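Novice: We have chain A; now place chains B, C, D and E onto it with these hints.
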Amino acid sequence: MDSKRKPRIKLTLKKRLGNVGDSPGMIHIAEDAMKPQINIFSYNEKELVTSKGTNIDVILEQFKTCDKHYHWIQINGLGDKKLIESIGEHLKINPLVLEDITSSHQRPKFEEYDDYVFAVSRIMRLNGDNELENTQFSAIVKKHLIISFEEDHEERFEAVKARLKGGKGAIRTAGPGYMCYALTDTIIDQYFVILACIGDNLDGVEDQLYLKADKSIMYNAQHLKRSLIVMRRASWPERDKVNDMIRTDSPLITAEVKTFLRDAYDHCIQIMDLIESYKEITSSIIDLYLSMVSNRMNEIMKVLTIISVIFIPLTFIAGIYGMNFSRIGADGKTVIPDNMPELYWNHGYVYAWALMLLIAGVQLYIFWKKGWFNRL
Amino acid sequence: MDSKRKPRIKLTLKKRLGNVGDSPGMIHIAEDAMKPQINIFSYNEKELVTSKGTNIDVILEQFKTCDKHYHWIQINGLGDKKLIESIGEHLKINPLVLEDITSSHQRPKFEEYDDYVFAVSRIMRLNGDNELENTQFSAIVKKHLIISFEEDHEERFEAVKARLKGGKGAIRTAGPGYMCYALTDTIIDQYFVILACIGDNLDGVEDQLYLKADKSIMYNAQHLKRSLIVMRRASWPERDKVNDMIRTDSPLITAEVKTFLRDAYDHCIQIMDLIESYKEITSSIIDLYLSMVSNRMNEIMKVLTIISVIFIPLTFIAGIYGMNFSRIGADGKTVIPDNMPELYWNHGYVYAWALMLLIAGVQLYIFWKKGWFNRL
Amino acid sequence: MDSKRKPRIKLTLKKRLGNVGDSPGMIHIAEDAMKPQINIFSYNEKELVTSKGTNIDVILEQFKTCDKHYHWIQINGLGDKKLIESIGEHLKINPLVLEDITSSHQRPKFEEYDDYVFAVSRIMRLNGDNELENTQFSAIVKKHLIISFEEDHEERFEAVKARLKGGKGAIRTAGPGYMCYALTDTIIDQYFVILACIGDNLDGVEDQLYLKADKSIMYNAQHLKRSLIVMRRASWPERDKVNDMIRTDSPLITAEVKTFLRDAYDHCIQIMDLIESYKEITSSIIDLYLSMVSNRMNEIMKVLTIISVIFIPLTFIAGIYGMNFSRIGADGKTVIPDNMPELYWNHGYVYAWALMLLIAGVQLYIFWKKGWFNRL
Amino acid sequence: MDSKRKPRIKLTLKKRLGNVGDSPGMIHIAEDAMKPQINIFSYNEKELVTSKGTNIDVILEQFKTCDKHYHWIQINGLGDKKLIESIGEHLKINPLVLEDITSSHQRPKFEEYDDYVFAVSRIMRLNGDNELENTQFSAIVKKHLIISFEEDHEERFEAVKARLKGGKGAIRTAGPGYMCYALTDTIIDQYFVILACIGDNLDGVEDQLYLKADKSIMYNAQHLKRSLIVMRRASWPERDKVNDMIRTDSPLITAEVKTFLRDAYDHCIQIMDLIESYKEITSSIIDLYLSMVSNRMNEIMKVLTIISVIFIPLTFIAGIYGMNFSRIGADGKTVIPDNMPELYWNHGYVYAWALMLLIAGVQLYIFWKKGWFNRL
Amino acid sequence: MDSKRKPRIKLTLKKRLGNVGDSPGMIHIAEDAMKPQINIFSYNEKELVTSKGTNIDVILEQFKTCDKHYHWIQINGLGDKKLIESIGEHLKINPLVLEDITSSHQRPKFEEYDDYVFAVSRIMRLNGDNELENTQFSAIVKKHLIISFEEDHEERFEAVKARLKGGKGAIRTAGPGYMCYALTDTIIDQYFVILACIGDNLDGVEDQLYLKADKSIMYNAQHLKRSLIVMRRASWPERDKVNDMIRTDSPLITAEVKTFLRDAYDHCIQIMDLIESYKEITSSIIDLYLSMVSNRMNEIMKVLTIISVIFIPLTFIAGIYGMNFSRIGADGKTVIPDNMPELYWNHGYVYAWALMLLIAGVQLYIFWKKGWFNRL
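Residue numbers (our numbering), protein chains in the order written: chain A, 1 to 376; chain B, 1 to 376; chain C, 1 to 376; chain D, 1 to 376; chain E, 1 to 376.
Bound-form chain A, shown alone (with noise of 0.2 Å):
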């Protein structure tokens, strides 16, 4: 019961930004917020080009020299307010977008504002210690433009990069819209490594279950438990905001895009749907778990039953012939023949055995005609 060796998810808020009453729009910088690291992917057909830089300035060179290009600016890290602001600036984006950036606690959802459009979805991991971390990531997708806000420094979207460099496919043709696409999609195939992680998890507990079921098992399947429902509640929004992609009228989500947005709408319902499942396979095994407690606690009541109710009796009667009642008077002369007689009998003893071996086999005849040796 050491609260330490557990490891916990903690479902609870991350300390909010920002007064209760403050200015909406108002940006807040997390104390422990990472400091930005800013890739800059501008391609078209032909070529790719790259740069890296921590400030506003290598992206405004880049859009220089690269005029007739697609721009992916992935920013990782949060931790400089001045960054977020100026870019705001230059692009033109309401305040309202750039505080949803950085306050980390957003849902996911899909916002469509007169020339962008702003895309937030929930990153999930599994660490060293079987914990999910959630983080945000968010995307505001313009003409040509696509810039991608994660809270760390993590490499995610190695196999987006990886086809981008390969140079073939949409991923270079499709524009700033498909770019989205490609990294929401990446984020959900992430939960199905998480969601099979789980499944093993599960399956471990399971295998526990029957093999050597302790106590652990009710900790370990709450924990499953819990890691679930935080999947859920970053995944049903998921979807909703997949589905407003869909439906949306922007010309910055193609109709080419969207078919691709249909399939990883299915990868979301697959999702939900094995959350489901494995919420319901989790509620099963502590069911089972109980019943199990609930039985062994059974069987311990019949032991200490039986053993008692054997030798209660058996022991009352030694305990009868282990009385002192005297055949001689207080007067030390008078003989009681009725004080305890069967102690003079000639076989008294064995007859005493005789009559507790009867007793103790009537009993154990009746436990067994009741079952209680191989039921329930």
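Since the hints were made in silico from the structure, they are not lab data.
Treat the hints with care, as some may be off.
It does not matter which identical chain is meant; a pair holds if it fits inside one copy or across any two.
[Said to hold, decoys possible] With a cut-off of at most 30 Å between alpha-carbon atoms, the simulated DSSO-like pairs for lysine-lysine come out as follows: (1) Lys-68 / Lys-52; (2) Lys-168 / Lys-82; (3) Lys-68 / Lys-168; (4) Lys-52 / Lys-168; (5) Lys-369 / Lys-161; (6) Lys-52 / Lys-35; (7) Lys-82 / Lys-370; (8) Lys-279 / Lys-143; (9) Lys-81 / Lys-92; (10) Lys-143 / Lys-168; (11) Lys-302 / Lys-215; (12) Lys-369 / Lys-215; (13) Lys-333 / Lys-143.
Being a predicted model, the structure only gives us computed values, none of them experimental.
Specialist: Relative to chain A, chains B, C, D and E alone:
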């Protein structure tokens, strides 16, 4: 189990005012209602004029002197029937609205009338005893005017007033609709603070569960659950209300304000999401606690059973050899060799001990075999 | 466990009148139906004429004398088939409506017919034994006429009649649609009174839970839960009915009345809200009670176990030294030094006590270490 | 626990007829299907002609002789494939409809075809063992014709036939659509009878719960719950079906009939309402029963604990003074004054009793203090 | 509790193919995928031409020779990437569809593309160990062509092929849309067979519950519950899919086929209905079983308590009179008349027995009075 020491969330109905069958639109003032304090803020892009008072005259005065301003009339305390009625009369407010303002058990709602709109919210506050206080906020929005009503003299909107004094941003220019949003948003922000507090308490209860579980866990968990029920009852209709405000055709809620309301709507969804998660954690804590209680019971039963079952046969044997079957018959002469010959064996006592140790050993082996020493 | 002392909420069906396959629209009068009492209120802005009677003639009479009035005909008691039929005939009411009026298990509903509308509500009343009585209220609204039907002679609408006599406000001028609203609203207001009473009872049960819990809590909680089920069964369709009245195109329900109905609709929502909250409290009370029972069991088991487990080995030792292994062999001469030499040690008895105290001490220490004295 | 004595509601599937992959529209006759009996009622406003038979000829005959009548052909028993097929051929019925008529596990439904409509209901019946029998009723309605199919020879529509013979009212004039309504309504009315019976049983189980609860309560409650599940499975789609009939554009269901169908729709709602209430009562009974079992257990534990805990120390003391520590050493001479001097005290025995009574008294006082004698 | 002996329904995810972030539309073949077998059925009203093969050539060949036929190409086994790709290329199938065909964890769905439609179903099979096997069926329907894909070489559609050979009915004339229906319907029919089997197992578990309940009931019930979860997960989206097929505008699904699909839709509803009922029975069985376990526990406790509580005071009395308080003082002379005078009474032993029988009798009377011998 001291009833006094457990703070209890009252979910029950405040005494309703008025009688069954009363005419609709009749204003009832609760006996313990606080006397109203009126704060008037008249503002436009250039200046902010404030005044204070306790009756209708100060309002009318201000209307006259500041005829090119927006007015926010903040009324704290509902204990003056005449004030409410004269406001209703001057501004031509439907008596049903006045009744809703004074009967402080309304659900959050948004109603449109000919030339004004009416909005109700629930103000939540955790008092010193960790009890939720649930009071009513209502607001009437007219063309250049918003009147807000609170039940007590608590200062809740300091941040809004600071922004008003600061004099920048939409708050000065975007009219009473924006002010209504700003006040509502402040109330909703407060929900996050309360939920963070409930979240901390939940973490505390969970730590207690793992470190030193006792039966107060059940009370605390039920207490938190009830707080969450109260919060949910307030936040669900709040969301609907904000949605109604977004969808209204009333010119009093401008498109600009609706953009901000969409942000408030997101906040409502986040709050409901958190509440649901917290309810699930609470259930999970209660399940774990009950499982612990059951395991504890099981463990106690096991110890009882093992000790009893081991000693019961031993005590029986000791009882046997404590019997007084006599080697000499009742006549004092006959020798009865059948009566407890073991007592006269050379190593009878040692054999008895050996038998008892053997029985104990066999039993321990069986229990160990059955896994009673280490399982479930 | 005396069945007589527990008031029970009957949720079960009243004996249905008529037979399977009867022609629809057939009027069945229950045998225990009360004889009708008719009160007629003919009113317009200027005057109020009232009369009483027990048959159709008094109504027709009044129609003649007051031909420029609105009429409210209040019929208390449904035990006169002829009266119902002749009303149906004179006013051309669909027989299915007449059947619904007399079969008193209708759900609240609102139905429109060619030139009249028909509304049903459930009247709730807590009788002396805290049992819910659930009777039927139905009303037919025609152009200048409302006929209301109640099952008994109870006076429920005193307040409405007082307002009618008072002669001010919409009640005199807004027609029979308003009167229908006023009666319905009075019925709904009554629900608040009952819920306040149920709330008080819940508070009482909760106090009892903390102060002196016994098994009557379970019965009381179940009793309250059942009352809430009855209330919910009445209030859900009542809300739908009020909503239907708000959405109807019938000219009998004017726009003015609809404003008031929206207020009644809010009340219905508040009632349902309260009912749901109360159900959740009831569940929470039951959970706490069951947890208490389980804790109590646990505590009892602990005391039993500690006492038993401490004394069982001690009693065994006492049993050992109560054995009669003889120092003198069966021949009366041989000395058997192996047989219970402890009995002849110098301080044997003191050692025995010391051993027993040691065992008891070790056991107490182990139990204290395991936290049996203060946890869960 | 005799399996034979417990009537069980079979929820499981009747053996389906036909094989996987069979062509749709193939008619399968169950082996145990009853031979059909045909009753024909040809009626118009003036006269009623009836005839009986077992094959298609009697129908065709009647069509010829009564060409200005409506016909109700009642077919009891589905065991004649040729009859069904020839009806299908003569009336041009879709083979899928014929298949539905003979496969008797259809859910209630209403289907429109070019010149006929098809309706299915479930007929419920409580047999002698309080078991629900669930058979199928289907009807084809054409212009002047309704053909009804039942699975057995039971007489269910006596009342309808009586009204038909009576010759008054809509039944003679409103056509086959009305007849379809009349038959459906009779079936639905039967549900009320069954529910009243289930309600009585529930009352009985509840009385038993309060008066002499035993474990049959659990079986009975589960049995009733299962009956309610069967009823719900039949009544939900029945409601949808009636609703479909109300909304249909088919001229076979006239506006007049729809008025009556609305009445039947209300009945369906009432039935579902009752079923839900009964399910809630059943759950409440089961909860109360389980709480009783738990209380009983608790009470038994308390008695066991009090008696055990009081006597265990007393028996220990008796055991102590039953020990045989010898006052005389092994050499037969040494006096060992330390060995059990109490035995030789003047009032040792009285003191021992006093000690035992004191211990018992202290324990009783503690238990009384803890409230074990009167609480929970 | 042997893990090996319990067949377990795997609800967990099959290893997903491909990597996170892979380009959409990439075909991944599972390593253990079976090599494809191709059966081609080219048919029209007059003739049926069949051929077999393992690669694309046999299909193209057949297209050439039978250019006035409909084609059903049945592909069993998905282990040939090249085959899938060349089919995709020849028929111009979207790569996302090809990906769905080969990744065998799709939910049932129906998708429309420009000139073809795509349908997925889940094929269910109970294997020898009563475990559900869940494989994928997908079909592409083009103008004169349907291609069906199954994961293994199992023969499932014998009946359809027989009807095709038989040469009568819609199957030959109604085109590939009808063939798609026929295959889907066969798959759905199979669900009924599985449900009948699950129903039989449920009956078996219930019989076992009444006749000789043991703890395998819990495992079996949970096993069946899990099978039902798998069935539900397949049948809900199957219903939606069939509904989508009914509502589609695609000319590939003709009005004639839609009539049959409505029948299949009814079957889906019946299946879901059955699944829900079976789940309710399973829950009811588990509840009864748990109640039995609890009753059994109760009964055991009662026996233990009655025997213990009767003998504990008796054994105490025997212990009392087994004490050795000496009538002779320590000096060997003093007579101590207070020490256990009962032992020297004339009928002391008989009185002791009488006392013990009295105590036992009183206790038995009290227990009988409390109803411990016959209640709960």
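Novice: A separate judgement is required for each hint: does it hold in the structure or not?
Specialist: To see whether the hints hold, each was checked on the structure:
1. Lys-68 / Lys-52: Classified as within; 19 Å inside a copy, 54 Å across copies.
2. Lys-168 / Lys-82: The answer is between: 21 Å across copies meets 30 Å, while 36 Å in one copy does not.
3. Lys-68 / Lys-168: For Lys-68 and Lys-168, only the intra-copy Cα distance (18 Å) is at most 30 Å; the inter-copy one is 40 Å.
4. Lys-52 / Lys-168: So Lys-52 and Lys-168 pass the 30 Å test inside one copy only (23 Å; across, 37 Å).
5. Lys-369 / Lys-161: Answer is neither; intra-copy 74 Å and inter-copy 59 Å both fail.
6. Lys-52 / Lys-35: within (14 Å within a copy, 48 Å between copies)
7. Lys-82 / Lys-370: neither (81 Å within a copy, 58 Å between copies)
8. Lys-279 / Lys-143: neither (42 Å within a copy, 43 Å between copies)
9. Lys-81 / Lys-92: within (16 Å within a copy, 48 Å between copies)
10. Lys-143 / Lys-168: within (21 Å within a copy, 32 Å between copies)
11. Lys-302 / Lys-215: Result: close both inside a copy and across copies, 22 Å intra and 15 Å inter.
12. Lys-369 / Lys-215: Cα proximity of Lys-369 and Lys-215: across copies only (19 Å, versus 34 Å in one copy).
13. Lys-333 / Lys-143: Intra 124 Å, inter 117 Å, cutoff 30 Å: neither.
In summary, the numbered hints that this structure violates are 5, 7, 8 and 13.
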